[in-house]
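Hints in hand, dock the two standalone chains.
Line by line, the protein sequences are chains X and R.
Read in order, the letters of the first sequence correspond to residues 1 to 157 in our numbering.
Read in order, the letters of the second sequence correspond to residues 1 to 178 in our numbering.
Note that these hints are calculated values from the structure, not bench results.
Please read all numbers here as calculations on a predicted model, not as lab measurements.
Backbone N, C-alpha and C fix where the C-beta goes; we use that ideal spot for every residue, glycine too.
What follows is a list of derived Cβ distance ranges for each label pair:
(1) X/PRO142 with R/PRO143: 20 to 28 Å
(2) R/GLN53 with X/GLN66: 21 to 29 Å
(3) R/ALA156 with X/ARG83: 26 to 34 Å
(4) R/ALA156 with X/LEU58: 29 to 37 Å
(5) R/ALA61 with X/PRO67: 36 to 44 Å
(6) R/GLN46 with X/GLY149: 46 to 54 Å
(7) X/ARG83 with R/LYS155: 22 to 30 Å
(8) R/ASP152 with X/PRO67: 35 to 43 Å
(9) X/GLY143 with R/PRO140: 21 to 29 Å
(10) R/PRO30 with X/LEU106: 46 to 54 Å
(11) R/GLN46 with X/PRO142: 36 to 44 Å
(12) X/GLY35 with R/ASP54: 26 to 34 Å
(13) R/LEU10 with X/PRO67: 12 to 20 Å
Some but not every residue of chain X turned toward chain R, in silico, with C-beta under 10 Å:
(14) GLY35
(15) SER47
(16) ILE114
(17) ASP135
(18) ARG136
(19) GLU151
(20) GLY154
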Amino acid sequence: MFPRRSPRRPTRILAVSSGGGHWVQMLRLRPAFAGAEVHFASVAPSSAAMVAPAPFHLFPDANKEQPLRLILTALRLAVIVARVRPDVVISTGAAGGYLAIRIARLTGARTMFIDSIANARELSVSARLSKGVADRVLSQWPGVARTHGTEFCGAVI
Amino acid sequence: MIFATVGTQLPFDRLLSALDGWASANPDVPVIAQTGQTRTPFSHLQCQAHLDQDGFAAMMAQAKVIVAHAGMGTILSAAEAGKPLILMPRRAAFGEHRNDHQLATAAEMAVLSNVTVIEDAADLAPALQDALAGGETVQPRLPAIASAPLLDALKAFIWNEDSRPIRSSRAIGSGVRA
Numbered sequence: 001m002f003p004r005r006s007p008r009r010p011t012r013i014l015a016v017s018s019g020g021g022h023w024v025q026m027l028r029l030r031p032a033f034a035g036a037e038v039h040f041a042s043v044a045p046s047s048a049a050m051v052a053p054a055p056f057h058l059f060p061d062a063n064k065e066q067p068l069r070l071i072l073t074a075l076r077l078a079v080i081v082a083r084v085r086p087d088v089v090i091s092t093g094a095a096g097g098y099l100a101i102r103i104a105r106l107t108g109a110r111t112m113f114i115d116s117i118a119n120a121r122e123l124s125v126s127a128r129l130s131k132g133v134a135d136r137v138l139s140q141w142p143g144v145a146r147t148h149g150t151e152f153c154g155a156v157i
Numbered sequence: 001m002i003f004a005t006v007g008t009q010l011p012f013d014r015l016l017s018a019l020d021g022w023a024s025a026n027p028d029v030p031v032i033a034q035t036g037q038t039r040t041p042f043s044h045l046q047c048q049a050h051l052d053q054d055g056f057a058a059m060m061a062q063a064k065v066i067v068a069h070a071g072m073g074t075i076l077s078a079a080e081a082g083k084p085l086i087l088m089p090r091r092a093a094f095g096e097h098r099n100d101h102q103l104a105t106a107a108e109m110a111v112l113s114n115v116t117v118i119e120d121a122a123d124l125a126p127a128l129q130d131a132l133a134g135g136e137t138v139q140p141r142l143p144a145i146a147s148a149p150l151l152d153a154l155k156a157f158i159w160n161e162d163s164r165p166i167r168s169s170r171a172i173g174s175g176v177r178a
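One chain only, chain R, in its complex shape (with noise of 0.2 Å):
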C-alpha cells in the first residue's frame, strides 16, 4: 500500500493528481490519501480529507511507500518508521503554500537515507517504481528524541532558575521570583 499525505491545511492536487494517474496504471497497488482541503475528485485514490494521530500512524505503519509534500510531521514521522519517503515540496508560485520554505526543507531532508526529493509531476512514477522495487530493505529508524545538545539545553532552561536573561526586567512580574 501506499500512503500519500498533504496536510490537512492548503489543497496540493498537483501532487494527488500525479498519483491518481499512477494509480491508474497500477490498479493492484492501493494508494491511499490524506488529501486536506482539495474540492478535486481523485478517482484512483482512497482519500480521506482528514486523518485523526491513530488513522496516521497505522497508515504510516501499513504503508510500504509514502509519497508526501515536505511537511516536517512527515518528514519525522516517516524517518521514525523507517519507511521510504518521496518528497515533492509546495510551491507558492502555484499557490500551494504561503511561501516556499518547502523547497529548503525537502533540500536539507533529502540527507535523510530514506528521502527521495521530486520536483514536479513527471519525476513521481520513476520514483515510486524505484521505492517500490527497493523490495525488503528495510531503512533504519530514526531515534524518536531530539538531538543531545538540544535536548541539553533545554534541561538547562528548565531547572536554572536564573536562565531568565537580561532582559527580565522588562516583564510584569520578574520581580515576584527573585
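If we strip away everything but chain X, and leave its shape as in the complex, we get (with noise of 0.2 Å):
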C-alpha cells in the first residue's frame, strides 16, 4: 500500500477536484505534470474526454450540507487511491479533494491543496481542514495567505 517508488516506475500524481471552476483551474495546472504518470479524478462523466489519454476515476460529488454523500465520497475516494497509489496528491477542491488529501496521507504521499481563485477574501472550508493535513496548502491571492497561514504562490490566472 505504501507508494515506495521503484526507479522504474515513473512518479503517479492523482489529480483530484470538484466540477465547475475546480475542475477548469486544474486543466490549468497540467503544464506542471509534464513527465509524471497523471491519473484524474473528478465528478462529470464527460470530463474524462477533457484529460484523454490520460485515466479518469469518476467520483461523487458531495459538500458539507450533505453527510451522507460525503460517507460515499470517501468511500469511492478510498478506492480510488487504493488503486492509483499515488506518490503525489494535488487537489483544487473541494470536499473531495480535501478528503483524497486525508486518504493519500494514510498512504505517505505527498499532498498539496490549492484553494480556489474564486476564494478571494476567506478560505474555503476545504482548505481550511486541509491545514492540518496537507504537506502543502496554497491560497492564490495573498491576503487570504497572509490571513490564514497558509502560502501563496501565484494564481491558475
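Put into C-alpha cells, the structure is as follows:
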C-alpha cells in the first residue's frame, strides 16, 4: 500500500477536483505535471474526454451539507487512492479534494491543496480542514494567505 | 446568440428572470440557458438544466455574449474563449448561495478585460446592449495555463522528494519513504 518508488516507475500524480471552476483550475495546472504519470479524479463523466488519454476516475460530488453523500464520496476516493497508489496528490478543492488528501496521507503520499481563486477574501472550509493534513496548502490571494497562515505561490491566471 | 449559465447546483432565478424579460423584448436574439436546479419556467429562454462538458464548450464557442453567475468555471472558460462576459454575483441574503464569496470573486475578476459586473436585474439590459453593440471587437484570449510562479511551485513540489515538511513525523507511513 505504501508507495515506495521503484526506479523504473515514473512519479504518479493523482489530481483530484470537484466540478465547475475547481475542474477548470485543475486543467490549467497540467503543464506542471509533464513527465509524470497523471491520474485525474472528478465528478462529471464528460470531463474524462478533456484529459484523455490520461486515466480518469469518477467520484460522487458532495458538500458539507450532505453528510451521507460525503461518506459515499470518501469511500469511493479511498478505492481510487488504493488503486492508483499515488506518490503525489494535488487538489484544487473542494470537499472531495480534502478527503482524497486525508486518505492519501495515510499511504505516505505527498499532498498539496490549492484553494480556488474564487476565495478572494476567506479560505474555503476544505482548505481550512486541509491545513493540518496536507503537506502544503496554497491560497491564490496573498491577503488570504497572510490572514489564514497558508502559502501564496501565484494563481491560475 | 446569448449563452447564460448559472452553474448546475443552486437556482439563480433573479438573473434568469431578468434575462427572460430581456429576451421577450428582443425576440430576434436567441438566448440559451443552463439553468441548474430551478422550478421556474422561463418561456423566452431555451433552457437546459445541465450541459455536459462538450455541450458547455460548444455554447461558449457559439455565443456572442455570455451572461452568468460569478462562478470561476464560467469566468475562466469565457476568458479562454475571449468572449464578453456579464457577471451577476449570487447573494446569500436572497438564498442564492451559502455565502457571499461571489461578490468578492466578481469584484476581483472585474479587472479582466472581457468582464462586466452587474449588481441587480435592472443593470442587465444596458449591459447586454453594450456588449452586443461591441460588434466585431474580439477580446484577447486568456492562455489556458496557470501563471508561471504557481506552475513552478507545483513542479518543485512534485519533483522534489524532500519537499515533505517538518510535520511529516505525524503521518503514518512517513518512515517508509526514508
